Every structure is written in C-alpha cells, then in structure tokens.
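These protein sequence lines are chains G and W, in that order.
With this note's numbering applied, the first sequence covers 1 to 93.
With this note's numbering applied, the second sequence covers 94 to 226.
By construction, these hints were calculated from the structure, which means they are not laboratory data.
Be aware that one or more of the hints could be misleading.
What the simulated footprint calls covered on chain G by chain W, stretch by stretch (three residues with Cβ under 8 angstroms from a Cβ of chain W suffice, anywhere in the stretch; the number is not a length) [said to hold, decoys possible]:
| hint | segment |
| --- | --- |
| 1 | 13-25 |
| 2 | 46-56 |
Where chain G lies over chain W, by a calculated footprint (3+ residues, C-beta under 8 angstroms) [as the list claims (entries may be wrong)]:
| hint | segment |
| --- | --- |
| 3 | 100-113 |
| 4 | 117-128 |
| 5 | 131-141 |
| 6 | 190-199 |
Computed list of chain G residues with no C-beta within reach of chain W, every gap over 12 angstroms [stated by the list, open to error]:
| hint | residue |
| --- | --- |
| 7 | 3 |
| 8 | 4 |
| 9 | 30 |
| 10 | 31 |
| 11 | 33 |
| 12 | 35 |
| 13 | 36 |
| 14 | 39 |
| 15 | 63 |
| 16 | 69 |
Predicted, not measured: the structure shown is a model, and the values here were computed from it.
Each residue gets a CB set at the ideal place from its N, CA and C atoms; glycine is no exception.
Residue-level listing of the chains:
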Amino acid sequence: MLQIERDADGVRLAGRFDAGQVETANRVFDTVETSVEVRCDALDYISSAGLSVLLHTQQRLSRTGHGLRLSGLNPHIRLVFEYAGLTDIFAIR
Amino acid sequence: MDRSFERSLERLDDIFTFLAECASEYALDPGSTFAVNMAVEELFTNMVKYNRSGTGDIAVSVNGHADGVEVRMVDPDSQPFDITAMAEIDTSAPLEARRPGGLGIHLVRSLMDEVQYDYRGRKTSIRLFKNRP
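Between the sequences and the hints, there should be enough to build the whole structure, so can you do that?
Rendered as structure tokens:
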C-alpha cells in the first residue's frame, strides 16, 4: 500500500509504489505544477509502474523549466534508479 | 512454496503477501527480497496486461537454495513473448525521449542473475534466479 501526501514542502511517499497504486499517485502528481521535493525516506519499494509516474511528471514539469527533487531513497530503490538510468533525469540527494 | 493467482492486477497485494511469506521461510536478504518482488510484479503485470483473454490462473513458485532464490512463473494460456530476446532499452536517452515501455523487463534482467524463458503449447514458463550476496 502506498501512502502519498501533498504538503507545503512537496510530496511525501511511504510504503509500496507498485502497479496497483498508479491511479492514486497520478491524482496527486497531476496537481504538481512547479519544482517540488519528493521525500522518499519511508518509501520501501518502487516498480517500473511507479517510476513511470515520476518520469511522466518530470517530463511534464520540464516543459516549464521545473522538476522533481527526490530525497531519502533507500539503497534498493537507488539501485533501481541506477539500472533504469534515471539518476541523471532527476535531482537526487 | 507455490501459489496460483487469478489473472487480475487486483491480486497484486495477495502476491506481495505470498512473497513476504517466502522471504521469511527462506530467510532471504533484503536485496533479494526486493528483486524477487519487483521481478514477480513486472512479469505478472505483463502477463495480465498483454494477455487479458488468457484462461487459467498464473502460477508463482519460490524456492530457497543454499546459493540463492529461484522463482518460476507459469502462464498456461499465452502468446509467445520472449523476455530474454527483447532489445535493450536506451537508459542514457535524454528526458524527453524516455518512454516507460520495456523498463520493467529491463529491471528484471538487471536485478536477477539468471532469466530463462520457455514457450510451448501456449504455456509460458519463466525461471529466474537471484544469487545470495
């Protein structure tokens, strides 16, 4: 199950971002229109379905000069970003 | 451990529960557990999305060995789609050229140490192996 919250600081993800969570996540990411931080410190898992939501959002934001900043990726998720070639696509810290 | 799942994305949570039981039973390390979860999700969702009219449940079996974990998935009624023969995606393409298609299979092949595909008589069988660290 994915917990996703939009607050003044950006977006916070927790739990599992799998193919069953895409609609829920899209409803939140579709409201993002400027650069924000996506806090992933409590995110345990992400699959290609979750990556696609982030990638689609990044493509949309980049057209207006904005982007997502990702923080708190656990080592397994960071490895997935590396295998997917996404470490240069997102600002990650 | 073996279990079969209805051909529906609504079964994903049941699959993750089953995989957690397997991880506990075979004392899998966190990296192997993550890789097995991702591989099974990616393959199961592909089997559901691209073969909705197939009949019969999709079987998932996980077995722990001294040197790693073995996963087998069987779709009894499917079209051929050799995941080991798929062209590599371009992971260095610029943002605007990125497409999600093929990313899931790319990650399965990256995270698992062995990926084998077999197709005969409409039955797809996939065997995966992840070495213990």
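For which of the previously enumerated hints does the structure constitute a violation, in increasing order of number?
As far as the earlier hints go, only 15 is violated by this structure.
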